[in-house]
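Sequence lines, in order, name chains B and Z.
The opening residue of the first sequence carries number 1 in the working numbering; numbering runs sequentially from there.
The opening residue of the second sequence carries number 112 in the working numbering; numbering runs sequentially from there.
Check the hints yourself; a few may be wrong.
[Said to hold, decoys possible] Chain B residues, not near chain Z, derived (Cβ > 12 Å throughout): (1) P14; (2) T18; (3) T24; (4) F60; (5) T61; (6) S72; (7) S83; (8) P111.
[To be verified] To give an idea of the interface, some chain B residues facing chain Z are shown, with a C-beta separation under 10 Å as derived from the structure: (9) P8; (10) R41; (11) K42; (12) E43; (13) P44; (14) L46; (15) I99; (16) F101.
Don't read these hints as lab results, they were simulated from the structure.
Beta carbons are placed, not taken as given, at the ideal position from N, Cα and C, and that holds for glycine.
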Amino acid sequence: RKEVEQDPGPFNVPEGATVAFNCTYSNSASQSFFWYRQDCRKEPKLLMSVYSSGNEDGRFTAQLNRASQYISLLIRDSKLSDSATYLCAVNIRGRDDKIIFGKGTRLHILP
Amino acid sequence: DVKVTQSSRYLVKRTGEKVFLECVQDMDHENMFWYRQDPGLGLRLIYFSYDVKMKEKGDIPEGYSVSREKKERFSLILESASTNQTSMYLCASFAGGLAASPRSPSYIRGGEQYFGPGTRLTVT
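All chains should be built: construct the whole structure from the sequences, respecting the hints.
Quick look at the structure:
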């Protein structure tokens, strides 16, 4: 099992719909979790951190499920401008602290 | 806002050339990273540094070296560029974790990273 896995998509979703995607991680020692957004030919930008209690920022909600070892990102009332690739990132504690990025999920919002 | 800048957006070099990619951050961050991003492979960590003159290998350090002489600047060096090093190179910085020392058990290395705009390097 890969350390961090995401469905590459693309997810093609009509404008205004709600979309959710998950990111699974294999290392139970993982401590911190993040969602990044990356537009085509641009750098990744931090979208939100994922806290144990879950967190919400406007139309975006991030959840952590430690028992099943995945994080999720929910986007409500999707906009055309939400079209991007969404990368999850997991900080893995241990002798070699490191952060692992998923390969990303592509989202296309359709007009 | 954190600003991370990279010296070039696009670069074309010939096989065998020595290539320098520069990254500068203006937020006094201790940690800096170099990644490459390729289609289907995602972001892969090349090297990182948690302090001036400190460096550690990432997952794919072969063919690369780094230099961190000043806190704000982290350079990636391709000693002898090869065509398989054609890629998008991304620099990132990060303030640090719960403790000051990266050797502390509570230190979280590499979470909320801020990326530069990237350098698209083509080696011909």
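Distance rule for T61/B, whose beta carbon must clear each one in chain Z by more than 12 Å: Check passes; 18 Å lies beyond 12 Å.
Interface restraint verdict for F101/B against chain Z (beta-carbon cut-off 10 Å): Since chain Z brings a Cβ to about 4 Å from F101/B, closer than 10 Å, the hint holds.
Hint status (Cβ of L46/B to nearest Cβ of chain Z, threshold 10 Å): holds, 5 Å
Given hint I99/B near chain Z, where the shortest CB pair must fall under 10 Å: holds, 4 Å
Given as non-interface: S83/B, partner chain Z, CB spacing beyond 12 Å: holds, 18 Å
Given as non-interface: T18/B, partner chain Z, CB spacing beyond 12 Å: About 26 Å separates T18/B from the closest Cβ of chain Z, which puts it past 12 Å; holds.
Nearest-CB test (12 Å) between chain Z and S72/B: holds, 18 Å
R41/B as chain Z interface residue, shortest Cβ-Cβ below 10 Å: At 8 Å from the nearest chain Z Cβ, R41/B passes the 10 Å test, so the hint holds.
Cut-off 10 Å, beta-carbon criterion: hint that K42/B touches chain Z: Holds, about 7 Å.
Closest CB of chain Z to the CB of P111/B still more than 12 Å away: Holds, because the least Cβ-Cβ distance between P111/B and chain Z comes to about 26 Å, which exceeds 12 Å.
Check on T24/B being off the interface with chain Z, judged by Cβ distance over 12 Å: holds, 15 Å
Status of the P8/B interface restraint (C-beta, 10 Å, chain Z): holds, 8 Å
When held up to the earlier numbered hints, the structure conflicts with none and fits them all.
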